[in-house]
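Asks: Going down the list, the sequences are from chains A and B.
Reading the first sequence from the start, the letters are residues 0 to 172 in numbering that gives the first Met the number 0.
Reading the second sequence from the start, the letters are residues 0 to 146 in numbering that gives the first Met the number 0.
Misleading hints may appear alongside valid ones.
[Said to hold, decoys possible] Derived pair list, reagent style SDA-like, types lysine to any residue, alpha-carbon separation capped at 20 Å:
id	chain 1	residue 1	chain 2	residue 2
1	B	K16	A	R126
2	A	K153	B	K16
3	A	K153	B	E58
4	A	K69	B	T36
5	B	K32	B	H78
6	A	K69	B	A45
These are calculated hints, taken from the structure and not from any lab test.
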Amino acid sequence: MNRANWGGMAAILVSCFTCLPAWGQGQSTVEGIWEGAVVYAPAELEVEQAVELFQDSRGVLAGLIDVPVKPIEDEPLSAVRFDGRRISWELRRDTGTFRYEGTLSDDGNEISGQYFERGKTFPFWLRRTDPAAVKPARAQPALHTLSVTGRELKERFNADAGKVRLVMLLSPG
Amino acid sequence: MYCTVSARVAQRYVLDKISDERLRVYVVWGPYKERETEADARFAAAFVPDPRATHFWTETPAPGELFNEPLKPLGLGPHSAWDSFLVYAPESRWGESPPPPTHFMHRNVEGKALNGVRLLEQVRDLLPAQDKEGKLPHSRAPGEENR
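Bound conformation, chain A alone (with noise of 0.2 Å):
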């Protein structure tokens, strides 16, 4: 996630660095950086995302999100709420409004609850991930192109032969 005011961000955090628990013990602010899914069927369709929670200039909790299948990337949420270890936010597009509402666990690492799409509800949970972690450059695979043969897949599959194989048939729309 990239924001243009994140100089800012950063003075805020060093300002308050001293008054803040150590990474990863019982934090109590959900400013920060968490990825996780929304689970519409568990292990087959988990639609990965990531939120950034800050404080805005003028002091107010809001957020970024990113869904990279969709793609959406840095959508600023809206109606950001958090209250005791109650959170909330929506995320308003031209398509409608999707709200989640979770809460934070105790010991403040994992946020968990339920996400609202179109009148159905879905389970949501988000990780807080290491802010001194540095993500990886997004890997671009290279992509071989099959002939209608599928000979290059033939020739691929036999060559592997002695390996246990995975072939997905998939469309990327």
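With chain A fixed as given, assemble chain B onto it according to the hints.
Replies: Frame of chain A; chain B shown alone:
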């Protein structure tokens, strides 16, 4: 988007959990739904970044349909083989036509929908005992906590 999410499930539930080099994955991206393009395939391929995976793009559904006949005895029925996950044992070889897989999952075949937990088990069971440590990805989905 559904297939891209499915591919991502395979990456998280299987490839992230089994480090064995004796596993290979071939992801064939093809335009069997609408007007998917090679650019779409490049975008989707990034969701399966594992180095053991080889990604193909085909401009025609024909290569995927080569698997129709081998899958019919396994319950494919009237569906196309597209949108499926096929698991092959080490001894499988592709002769005149693709061999039938040991296991397959397909979105539209009853009882065969993709499930990352089952796919992990199927792949793991075909690997010799060397790498059976695969643990499930973190999930708070109902019923996942105790697996």
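Asks: Is K69/A close enough to A45/B, meaning Cα to Cα at most 20 Å?
Replies: holds, 13 Å
Asks: K32/B and H78/B: Cα distance at most 20 Å?
Replies: Distance ~13 Å between K32/B and H78/B Cα, so the pair holds.
Asks: Does the structure keep K153/A and E58/B at a Cα separation of 20 Å or less?
Replies: Satisfied, since the Cα-Cα distance of roughly 17 Å is no more than 20 Å.
Asks: Next pair to validate is K16/B with R126/A; report whether the Cα-Cα distance is within 20 Å.
Replies: Given that 20 Å is the threshold and the Cα spacing comes to 19 Å, the pair holds.
Asks: Assess, step by step, whether the Cα of K69/A is no farther than 20 Å from the Cα of T36/B, and give holds or violated.
Replies: Since the Cα atoms of K69/A and T36/B sit roughly 16 Å apart, the hinted pair holds (cutoff 20 Å).
Asks: Next pair to validate is K153/A with K16/B; report whether the Cα-Cα distance is within 20 Å.
Replies: Outside the cut-off at roughly 26 Å; violated.
Figure legend: structure checked against the earlier numbered hints; the only hint not met is number 2.
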